[in-house]
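Colleague: Protein chains in written order, with my numbering: chain A, 153 to 473; chain B, 704 to 964.
Because the hints were derived from the structure by calculation, they are not lab data. Among the hints, a few may not be true.
Unchecked claim - Taking lysine-lysine pairs in the DSS-like style, the calculated list, with each CA pair at most 27 Å apart, reads:
#1 B:Lys897 with B:Lys918
#2 A:Lys299 with A:Lys251
#3 B:Lys960 with A:Lys235
#4 A:Lys268 with A:Lys299
#5 A:Lys296 with B:Lys716
#6 A:Lys296 with A:Lys251
#7 B:Lys716 with A:Lys251
#8 B:Lys716 with A:Lys272
#9 B:Lys726 with A:Lys251
What the hints assert, rightly or not - To give an idea of the chain A side of the interface with chain B (calculated C-beta under 8 Å), a few residues:
#10 Phe172
#11 Thr205
#12 Gly212
#13 Ala232
#14 Arg234
#15 Tyr239
#16 Pro241
#17 Val245
#18 Leu246
#19 Tyr247
#20 His249
#21 Phe258
#22 Val263
#23 Gly264
#24 Gln306
These numbers were taken from a predicted model, which means no experiment stands behind them. Beta carbons: idealized from backbone N, C-alpha and C, even for Gly.
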Amino acid sequence: MSTEIVLQLENVSKTFRIGFFRKKVEAVRQVSFEIQRGEIFGLVGPNGAGKSTSIKMITGLLQPDSGEVRVFGESVANVALRKRIGYLPENPVLYEHLKAPELLDFYGGLVGLSKKVRRKRAQELLELVGLGDALDRPIGKFSKGMKQRAGIAQALINDPELVILDEPQSGLDPIGRREIRDLVVELRRQGKTILFCSHILPDVEDICDRVALIHQGTVVEVGFLHELIGTDVLRYEIFARGWSDELSTALGDAIEEIVAVGEVRRLTLRGDVDLDDALATITRLGARVESLQPHRENLEDIFVRDTKAAPVKKQPVSVAQ
Amino acid sequence: MIALVPQIGALVKNTLLETLRNKILYALFSFAVMAIGATSAFGALSLHQEERVFNNLVLFANVVFLAALAIYQGVGAIHGDISSRTIFTVLSKPVRRGTYIFGKYLGSFVTVALALVILLAFKVGVTLFLDYTVTPQLFAAYYGVLLQLAIVVALAIFFSTFCTQLLSALFTFSIFLVGSLTPQLAEASVAFAKTGNPVRYAIDVVLFVVPDLEKLNLSFELTHRLDVPVSYLLTATGYSAVYVAILLIGAYVVFRKRDFY
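Only chain B is shown next, with the shape it has when bound in the complex (with noise of 0.2 Å):
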């Protein structure tokens, strides 16, 4: 029998303190940080709308960093360990392969989590100090964007196992596109429909197969402090569990039988 939870432990503790201890991470997330506090600028300049301009802009320009270090981070764990050939001693210890793609991608998440979690707080904090309010909808809105970024993280991992490294962020990043913008999706497909142009099926297929990520973006609700009941939020984390478990299963059947020399 082996012990699967040191082992996904020690995957998860090395994906973290690899980015930890990567200087361009912290070049990027002092860019992201002064990024909130611009923000608080631009919130100035409109009209009697400072404090909805700023969660509306913060909450913008945190999805971009956060959604670039996911791709980043999602790419970079098995494709890394694969160009580095550090998988050779990692992969003919006692590992499974599902094991393998399962901590890496649990590492990447707790990673991304956590430079979420440290962007929520600075965003409360700027919150405070600009004697703003900080609403339950803030939480449900991040918390929405966690979501996102599990599944960012799950299809990098995913396109990881079969592409190269570029490939795999620009496929990644295509679907976070695709799949942020669902509903102008599906008013396209619904205005094909009523000409009768056959692009409609190609968009209805991509509809079907992308995640609907604009689902979890809790922006609007934010903006306007509409409440987010819990059922919701629960049937979006149920969305996005079995959507990254699809995921994760679909890199481990490609995984499974690759070939290292």
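Next comes chain A alone, as it looks inside the complex (with noise of 0.2 Å):
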């Protein structure tokens, strides 16, 4: 990953008037996050925290009241810099009436590619996304995934420096959610930069480098995976056979919650316990330990933890690595 900046957001802000008396209300409030090329960084927030208005603004949807967004170093306000960006939109809604092919030669037309190497690249990419045998058909006839993979075609149609994926996995099955992650791991080995939407934390945390989480339009965290969820065990789960109730009393305050499954206990020790200490005195007193799991503070805890305790901050949040 070089340190080249390919976007920037500093302190944008958005807000929008809703209704009849056209009540104000801000959507994303002083955000500020970098992405450095190469790397795939991660947006993450509840529904409604500022994710969508923040990709808007930069591909150009949006105009931001305030701050700037700049991509390859040079304000997103300059139209041609799209050439270099693919975007896909939250449940992107394409052109029903064109079949996938004629799709994908109509925004590479857009994006100023000549015919014969709109041919080829829609040849490419829909193979790429799966869509090889689904050409004679309009996308008004395609499935929900397959509508998805279609966008993501649309999206790579330029052979985008900067890919912005807006919850790219929405409405796919657990293999087609796969396939996408998968891709998404393919196109930085390309070395495309991705910036990453998604509901779906564990494959966030599988693939990005750097996320932020975004929580009533304000950056309430944003770094590096490993800073931010940190390498302390939350609690260990074991599941152990000829369990006693002499080492329930034994292992003490040690143990948070022992289950049953069948001749077997399942029990979750807290994470700060000594383990030699523990297992030495599982096995002393006759039970076989089968499984050992340590569970450690994952993206989904913080998401949690940051999106229920994260006060409203009405100050700039300040984010610069």
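Got two chains here, each in a separate frame; can you build the complex from them with the hints?
Modeller: Here it is as structure tokens:
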């Protein structure tokens, strides 16, 4: 990963006016983060947090009230820059009357590709996203997953350096989700920079290098995943056979929960116990450990913690790297 | 440098395909074609004025159909993209908003022009079948209709950049109607002026702002086989082009800062 900044949002705010009385709603407040070339950057947050608003300001669909959005070092107001950006909107709606090759031909025309290049690129992309055998069907006849794939194909038609994916796995089955995740990793391998906005937190945790958590229009956390998550073990999950009441007494407070699963016991031990001592006690008193799983804090824990507890910050959030 | 030609080409082709694959259009089109057939029967009912009645009625029926198509097409071109949110994937590409407006306008205009050419061809076919004469005035009259449609589509595009779909259609239709009644409005203005009624000022403003579509209506020349000078057609073309340009610039000014969420 290079240190070149591909995308930078600096104190960006956006207010909408809604309803008959044009009531002001702050969708995004003083949001700042930056993405470096070659990284997969996760943007997470609950519904209505301001993720899609932020993304739309990057793609030029919304204009910020204040602050600055820079892509490749230039203001996003420069329309020509979008030739280097690919964007998949949330729940993409595509032209339903077009067939998949026609759709990509259309978007290829919009990015200024010649007819020959468009045709070649469309063929490659439809194979890549698994739509190679659905060439003669209009998009309107596609399943939701197929539409999502077609949406991804249109986002990649210009071979973009920065790919922005807003909920790319929405509505997909587990296999489809896995394929999208693999595709994102493959795109990064090709040297692309990816802004990955998703609710599927295990996938974000699995593939993203850095993450920003947005809540109520404000960035509440941003950083490398290992920094955010930490390495402390929260609890251990143990499956043991030959359990006795004597063991429960011996381990005492160390046990958070114990559940009988047939002849086996599933017990949850506190993360701060001396694991060696606990295992020695279990063995000494005649039980046998069949599996041991340490549980560390994950992105979901951070997400729940920050979105439940975080107060609405009135000041700009400093997210300098 | 953004390649404008492929962009505009893509927008035009897509708009055209969207219309050609819309089944509602075919139902409307069949109705328009049937109207031409029915009109020939009306001509037969008149006394020794068959050809004149036929020419007049067919032109009128075609103008009504084509104006309705132009409003439907012009209003739906941008509204359709906004309401379906396909505009997200279009404007996030390196497409300037002005290019988008122009591409959508051109696509809609080409669609309407194609419908006009088909109706004209059908009209010529029926004319020959009935042993009537195909005159140069017929083509001049349809050219006038084409210019009217160019303005109507631009009006629909202009209103659709800031009004709802229904209001855009309503405003466009109203202006089409008022623009087709300019001689009557001018007479009303004169009449009001004689009585000192200040309404005349309002009418004068309307006459100044609203496009004079009646000037592009050559049905009288068609019916009475009057020559239409080329200079007149050139002036009419220039007038329409200027009006369309003003409307599209206005649409761009409204649209360029618009948010899509």
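Colleague: None of the hints should be skipped; say for each whether it holds.
Modeller: To see whether the hints hold, each was checked on the structure:
1. At roughly 25 Å between alpha-carbon atoms, Lys897 of chain B and Lys918 of chain B fall within 27 Å of each other, so this suggested pair holds.
2. Note on Lys299 of chain A and Lys251 of chain A: the hinted pairing holds, with a Cα-Cα distance of about 11 Å set against a maximum of 27 Å.
3. With a CA separation close to 20 Å, the supplied pair Lys960 of chain B and Lys235 of chain A stays within the 27 Å bound.
4. In summary, the hint linking Lys268 of chain A to Lys299 of chain A is supported, as the alpha carbons are separated by about 24 Å, within the 27 Å threshold.
5. The straight-line distance between the Cα atoms of Lys296 of chain A and Lys716 of chain B is roughly 26 Å, inside the 27 Å bound, and the hint therefore holds.
6. For a cut-off of 27 Å, the pair hint linking Lys296 of chain A to Lys251 of chain A stands: about 15 Å separates their Cα positions.
7. At most 27 Å may separate the alpha-carbon atoms for a hinted pair to count; Lys716 of chain B and Lys251 of chain A meet this at roughly 13 Å.
8. At most 27 Å may separate the alpha-carbon atoms for a hinted pair to count; Lys716 of chain B and Lys272 of chain A meet this at roughly 19 Å.
9. Our distance criterion of 27 Å between C-alpha atoms is met by Lys726 of chain B and Lys251 of chain A, whose separation comes to about 17 Å.
10. Given hint, Phe172 of chain A at the interface with chain B, is violated; its Cβ is 15 Å from that chain's nearest Cβ, farther than 8 Å.
11. Interface restraint check: Thr205 of chain A against chain B, minimum CB-CB distance 7 Å, threshold 8 Å, status holds.
12. The interface hint given for Gly212 of chain A is met, as the beta carbon of that residue sits about 6 Å from the closest beta carbon of chain B, less than 8 Å.
13. Here the hint on Ala232 of chain A is kept, as its CB sits about 6 Å from the closest CB of chain B, short of 8 Å.
14. Restraint check, Arg234 of chain A versus chain B: the minimum CB separation of about 4 Å is within 8 Å; hint holds.
15. Hint status for Tyr239 of chain A relative to chain B: holds, with the closest Cβ pair at about 4 Å, below 8 Å.
16. About 4 Å separates the beta-carbon of Pro241 of chain A from the nearest beta-carbon of chain B, less than 8 Å, and the hint is met.
17. Nearest Cβ of chain B to the Cβ of Val245 of chain A: about 5 Å, under the 8 Å cut. The hint holds.
18. Satisfaction of the interface hint for Leu246 of chain A is found here, the shortest Cβ-Cβ separation to chain B being roughly 6 Å, below the 8 Å cut-off.
19. Given the 8 Å rule on beta carbons, the hint for Tyr247 of chain A holds: about 6 Å separates it from the nearest Cβ of chain B.
20. For His249 of chain A, the interface hint holds, the least distance from its beta-carbon to any beta-carbon of chain B being 4 Å, beneath 8 Å.
21. For Phe258 of chain A, the interface hint holds, the least distance from its beta-carbon to any beta-carbon of chain B being 5 Å, beneath 8 Å.
22. The closest approach between the C-beta of Val263 of chain A and any C-beta of chain B is roughly 5 Å, which is under the 8 Å cut-off, so the hint is satisfied.
23. Hint status for Gly264 of chain A relative to chain B: holds, with the closest Cβ pair at about 3 Å, below 8 Å.
24. Taken as an interface hint, Gln306 of chain A checks out: its beta carbon lies about 6 Å from the nearest beta carbon of chain B, inside 8 Å.
Going through the hint list in order, the structure does not satisfy hint 10, though it satisfies all others.
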